[in-house]
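Peer 1: Sequence:
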Amino acid sequence: MPDGFWDSFGNVLGIGYTENERKRDEYSELYFYLKSRRERIERHIEKVETAYGTYFERSSSLLQSNKIPAYEFENKRGEKDVELSDLLGDFRQARDDIASAQSRAYSKWLMYRERAEAENRERDEANR
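Just so we're aligned, residue 5 is where the sequence shown starts under my numbering, counting upward by one.
Hints should not be assumed to be uniformly reliable.
Derived lysine to any residue pairs resembling SDA-like cross-links, with alpha carbons at most 20 angstroms apart [stated by the list, open to error]:
id, residue 1, residue 2
1, K112, L34
2, K51, F95
3, K112, L38
4, K51, V86
So the derived label-pair ranges between C-beta atoms look like this [unchecked claim]:
id, residue 1, residue 2, range
5, L88, E126, 52 to 58 angstroms
6, S107, R26, 19 to 25 angstroms
7, E50, Y110, 21 to 27 angstroms
8, E46, E118, 27 to 33 angstroms
Source of the hints: derived by calculation from the structure; they are not laboratory data.
The C-beta atom is built at its ideal place from N, Cα and C for all residues, glycine as well.
Given the sequences, and given the hints that come with them, work out the whole structure.
Peer 2: Structural data, given as structure tokens:
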């Protein structure tokens, strides 16, 4: 995106907001947004795993395996356990994808930070 009028005017005066500075700030915002999303999904995964562990411990001791409700329940439970495992795997994959995107955003932020600092040094040297 080209510099706006005020940015161009500020660049002439040496006080503008360059494209590299803008991209640096955009990648910084993206990095922190992805970080918050990753933390949120990690909390959800942890809650599900904790709830499932508690459920598994309690449900196995409540039903007698030789009675009809337990027999039918155990057959269906295996299917539901597989579905839950697949769903948790999808959430873990999403978390890993977010972490990867966060890492790329951080790398881009570093690159644009270096470019912005180089521009500032060049501008300072030109003003001397």
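Peer 1: Of the numbered hints stated earlier in the document, which are not met by this structure?
Peer 2: Violated: none.
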